[in-house]
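From the two separate chains plus the hints, produce the assembled complex.
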Amino acid sequence: MSAVAKTDAPKASAPRTSAPKTNVPKSVVRRRRLRAIPVYVILWLVGVFMVTPLLYALVSGFKSTDQLSSNTFGLPDPWVTSNYTSLLGSGAFWRAVGSSTVIALATAVLTVGAAALAAYALARFAFRGRELLFTLFTMGLMFPFAVAILPLFILLRSFGLLDNPWGVILPQAAFGLPLTIVILRGFFREIPGELEEAATIDGCSSFGFFWRILLPLARPALGTVSVLAIVGSWNNFLLPLLVFSEPTWWTIPVGIQQFQGQYASDVARIFAYLTLAMAPALAFYAVAERQLIGGITLGATKG
Amino acid sequence: MTHPTSTSTASTSAYAPGLGKSPGAAPESPVPATRPSAPHRLRAWLSAFVFTVPALVLFGLLVLVPMGYAFYISFFNWGGFGTPTDSVGFDNYTRLFDDPVFLGDLWRGFLLIAFSIVLQLPFALAMAVLLNQKLRGRAVYRMLFFAPYILSEVITGVLFSMIFAPDEGLADKVLDAVGLAGLGGDWFAGQDTVLPTLFLVMTWKYFGFHMMLYLAGLQGIPAELHEAARIDGASAWQRFRHITLPLLAPTLRISVFLAVIGAIQLFDLVWVITAGGPDHASETMVISLFQYGFKRYQMGYASAISVAMFLISLVFALAYQRFVLRRDTEGAITTMRGNR
Chain A
103 MSAVAKTDAP KASAPRTSAP KTNVPKSVVR RRRLRAIPVY VILWLVGVFM
153 VTPLLYALVS GFKSTDQLSS NTFGLPDPWV TSNYTSLLGS GAFWRAVGSS
203 TVIALATAVL TVGAAALAAY ALARFAFRGR ELLFTLFTMG LMFPFAVAIL
253 PLFILLRSFG LLDNPWGVIL PQAAFGLPLT IVILRGFFRE IPGELEEAAT
303 IDGCSSFGFF WRILLPLARP ALGTVSVLAI VGSWNNFLLP LLVFSEPTWW
353 TIPVGIQQFQ GQYASDVARI FAYLTLAMAP ALAFYAVAER QLIGGITLGA
403 TKG
Chain B
747 MTHPTSTSTA STSAYAPGLG KSPGAAPESP VPATRPSAPH RLRAWLSAFV
797 FTVPALVLFG LLVLVPMGYA FYISFFNWGG FGTPTDSVGF DNYTRLFDDP
847 VFLGDLWRGF LLIAFSIVLQ LPFALAMAVL LNQKLRGRAV YRMLFFAPYI
897 LSEVITGVLF SMIFAPDEGL ADKVLDAVGL AGLGGDWFAG QDTVLPTLFL
947 VMTWKYFGFH MMLYLAGLQG IPAELHEAAR IDGASAWQRF RHITLPLLAP
997 TLRISVFLAV IGAIQLFDLV WVITAGGPDH ASETMVISLF QYGFKRYQMG
1047 YASAISVAMF LISLVFALAY QRFVLRRDTE GAITTMRGNR
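Protein sequences appear in the order of chains A and B.
Counting the first sequence from 1 gives a position; our numbering is that position plus 102.
Counting the second sequence from 1 gives a position; our numbering is that position plus 746.
Bear in mind the hints are in silico, worked out from the structure with no lab data behind them.
Computed from a predicted model, the values in this text were never measured in an experiment.
Please note that a few of the clues may not be correct.
Said to hold, decoys possible - Label-pair distances were calculated between CB atoms; the ranges are:
1. D938(B) to V130(A): 49 to 55 Å
2. E292(A) to Q879(B): 29 to 35 Å
3. H972(B) to F309(A): 48 to 54 Å
4. V811(B) to L297(A): 36 to 42 Å
5. P992(B) to P140(A): 23 to 29 Å
6. H972(B) to S367(A): 53 to 59 Å
7. G814(B) to L297(A): 39 to 45 Å
8. P322(A) to D938(B): 45 to 51 Å
9. V796(B) to Q360(A): 24 to 30 Å
10. V886(B) to Q393(A): 48 to 54 Å
11. Q965(B) to G200(A): 38 to 44 Å
12. F1069(B) to G149(A): 36 to 42 Å
13. Q879(B) to Q360(A): 41 to 47 Å
14. L1060(B) to S192(A): 42 to 48 Å
Quick reminder that beta carbons are idealized off the backbone N, C-alpha and C, glycines included.
Isolated chain B (complex conformation) (with noise of 0.2 Å):
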């Protein structure tokens, strides 16, 4: 989230506003490393604040006060109408850990996001890997593949809910037609069937996304590696194994990382084929917050479930920064990018 070449330009652009205002303090003070005087420092500061201000009143005003005021009301028992004023301090939180939908949330988004790492992703790096080779066709192969990945959720939704309709739908027409009606049926409206059927759509719509990602990290990787390796005698496997995976890691992290924050934050599509049906069988923890805040006007326990939330993404997000994230930074590829 940060940025590798941080540092550099910071210290030739330092001057410029301050040039800006009074060419004639130009020749006298070009050198970095003399502290600008109080009134230039003022005014740079005043400029500076004048060109975020639009930004900041937005991010204050809609992002972190909301933020904030999710916060507070998870305090209170509050049906979302007045001011809020029955206190219950921690009692939504404790609820949380006695609630089996929310504890079962946590449970399906474990099993997605390991749907995901183990079958989706792995998926998504064979195609890139076969569409990186000169093929005939594969810019097209390219296209399809990612073609789902910019419909929306609402679309893939609906359409994904009438393919998978029991008995009417294609896919249940396809099964009967080659004499494996057996296995159909049930789709989403099983309890045990709906998140495999759900995890087969997220595929369907998401795995180009990942596919693209990997692709542009594949071309990162120089040739000339390839060819040495094979001109020792390297097989394909070996050449994928040792050169391809090492140099491809920095991008498969962050795929990793997008495929984690992205379940966690899982609504549109579930919301539009199952609403998180059949009994929780599919809901997510935004599904939960919806129905409790929106359906059950329960806004402070909601609240504690969005903080929850926030918290889990948070210590996510840090932790897989510092842990995972951060060797990439001074990693090869980068730096690769950087001289090219």
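Same shape as in the complex, but just chain A (with noise of 0.2 Å):
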């Protein structure tokens, strides 16, 4: 409304007849404004309760745990700045910041390769049993992580995979496969048959089809659900928590909760961790928000 009320307020001086059709009177304009004085109270009041939490990790980081008890509301007096730097200069930080991003890529590139492929078949192929096939991976869907995470972990230990970035990104990527195979599955088969049929008689086999022409076409899909892929992958604590005893290959989840432990009385310390640890999935959500928004709500209805 207030865009209306903006641009219409200083023509309402002008003779009414002149005025385009979609003019209101002043008064109404105002009514209008007041009426939504309510809307932007709890819409503000929301926000705040929103943004508290978040904004309080980030300046509780700059004071020591001393100020956080006795001066809890105000601005940092002085500045400590040591909690951030001990931290970015610590390898600790930086190698938990590393094995999210490695493990998070090659579960994306994994779980989209193999569903790609998968999808192609059971989307743009008539054999016999593919419903069959395609029920099955959907019932993947109803699978919670957690009821497979006992035989799994005893699996995993017997493949020697603990404490192997592998443990993780196998599973992960096994996981993320209903999903991926049923949204790219949908986009496949929007693509128009007789552009296979036309590459096909120009001699392009079925898997240059895929390749060459599929791909490039669903890049938009592709995207949606490697950012699914990576998002679940950076957020995982169960798998990674079972998986690595060993600090090398700890995630940024594992590595908070450790970091917590550790430092349990160092309040400041642990909100100025939790800050840099929010920064990344902040930054990307920041950059990437439409394809994030998009792709998690798509996900969720197809699932």
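Structure below.
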């Protein structure tokens, strides 16, 4: 409403007849503005509720733990930067960022690669048992990760994959397959069959069609599912917690939990760690907001 | 979970793999009605097989086999090392029904689901309706409300465990400052306060996600309907009740489904904040599973919990699909979306 109000306000003095059809009398505009006030108040209150924990973590990271209890609400006095600098200068934090990144990217490549091939077969080939196979994969959407965690752990242990990044990457990719296949199959089906006929007449093999035509056309969908895989892996906790007993490959979530245990009394330092750990996710969100929201809501409704 | 548009393209693409390998067959068999010859079918089957192998191997080995194995070891008394030999029949399952912790898990799961449906989802819907209007800064609010969803549960958990730390945390300091110190105090540390506090954190983290789902659904409702109703003199509440709510129903059903499944699988957040305590007051099924399996090495019983969890999710998902989601496949919203 406010946009309408702004543009129309100066025109209201002009004769009514010359005003555009959408023009609203000044009194109505004012009433609408007044009526919008409670809405803004509500949104503002909810906004404060949402943002306070995040800002509190950021600011508290600049305090000493003593300051934190004596001066909870105010700005730091003096600003203590050692919490942040000591973390940024430590190998442990960067190692966690590195492992999280490597594991997330590998998971995304593996999930999307395997799922795209399968989705291609499930979308564009006619063979007996296709729907059965597809149902099998979609059933996977209903398996909570946690259900399989015990036997998965035993399996990984007997394969010697504990304390090995593949022990996290492979299961994450496997559990990411159902959703990725469902989304990609839906997308591959919408690509017209004529395109495929034309390609095969020109001598394109079925893999050639997949690689040179289908995948480039499906770039937006591939982006969506990659984002889903990356976010899922980045935030995963249960599996890396079980697989990595040595700190070498600890991901950020595991690192935070261990850090909290280690520095339990140094609250300000934990706040600094949290802020730094949030930063990559929030930065990613700021850059890829649309894809992220689109991907997550699409993933949820397809599933 | 199934696709509304599943059968339409299948017939046209059926021939493509056969065409690819033998261009000579192209002119004579473009009609989908005739059946492909046996070698063609074999070849199509073979290439489809080759394409699905990586996914099948991954999925079979790391999803299906563990599931089956969980089922198998749930019939044993097993510490997790060596091969399970001490078969106990259904003992692990009968034990479930006598275990106050597991029964409590079910009750707490039910409470969290009820909280979500009665408070969190209506709140998310209200925010979605507010942010669906033209308002100054609505993009900022949307972005802000959704932001916690992308943070990991562990970050959220650690953050709030410090905010709700008794006496020293931000929450108690705020209540102290406004003279309501009596209200705070226990938070995650109290038997009766832990679940409501946890629910508050869950709302902070998850409501923005449901709001985004609703916003996407609201975009699908044609503005003409609201205009027509307004001209006919319908109040804002009437328009919400008789236009928005019915047309948003498919989205609402999906969001309820996701809230229930999410509550069944809840682990990370609770593990980081309370590990299920105090005295099991915030324990969930996955926490019990984790405790029995990895802390007490009762793999058989823990597997029985995971099988029970799987059955609960499966029965719920199938029943929900059968009775609640089914009508949506032909629903007004989906067809409308397809036509645009």
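Hint check for L297(A) and G814(B) - Cβ pair distance inside 39 to 45 Å: Between G814(B) and L297(A), where Cβ atoms are some 41 Å apart, the hint holds.
Is the hinted range of 42 to 48 Å satisfied by the C-beta distance from L1060(B) to S192(A)? holds, 45 Å
Determine whether the Cβ-Cβ distance between H972(B) and S367(A) falls within the hinted range of 53 to 59 Å. About 57 Å separates the Cβ atoms of H972(B) and S367(A), which means 53 to 59 Å holds.
Within 24 to 30 Å: is that where the Cβ-Cβ distance between V796(B) and Q360(A) falls? Given about 44 Å between the Cβ atoms, the range is violated.
Status of the given 41 to 47 Å range, CB of Q360(A) versus CB of Q879(B): Holds: the Cβ-Cβ distance is about 46 Å, inside 41 to 47 Å.
V811(B) versus L297(A) beta-carbon gap, inside 36 to 42 Å or not: holds, 38 Å
Holds or violated: 38 to 44 Å for the Cβ distance of Q965(B) and G200(A)? holds, 40 Å
Taking the Cβ atom of D938(B) and the Cβ atom of V130(A), is their distance within the range 49 to 55 Å? Once the Cβ atoms are compared, 51 Å apart, the range 49 to 55 Å for V130(A) and D938(B) holds.
Assessment of proposed distance window 48 to 54 Å (beta carbons of H972(B), F309(A)): holds, 50 Å
Honestly, do P322(A) and D938(B) meet the 45 to 51 Å range at C-beta? holds, 49 Å
Take the C-beta atom of F1069(B) and the C-beta atom of G149(A), compute their distance, and say whether it sits inside 36 to 42 Å. Because 38 Å falls inside the window, the suggested range holds.
Is the gap between the beta carbons of P992(B) and P140(A) within 23 to 29 Å? Given range 23 to 29 Å: holds, Cβ gap about 26 Å.
Hint compliance for this structure: hints 9 and 10 are broken, all remaining hints hold.
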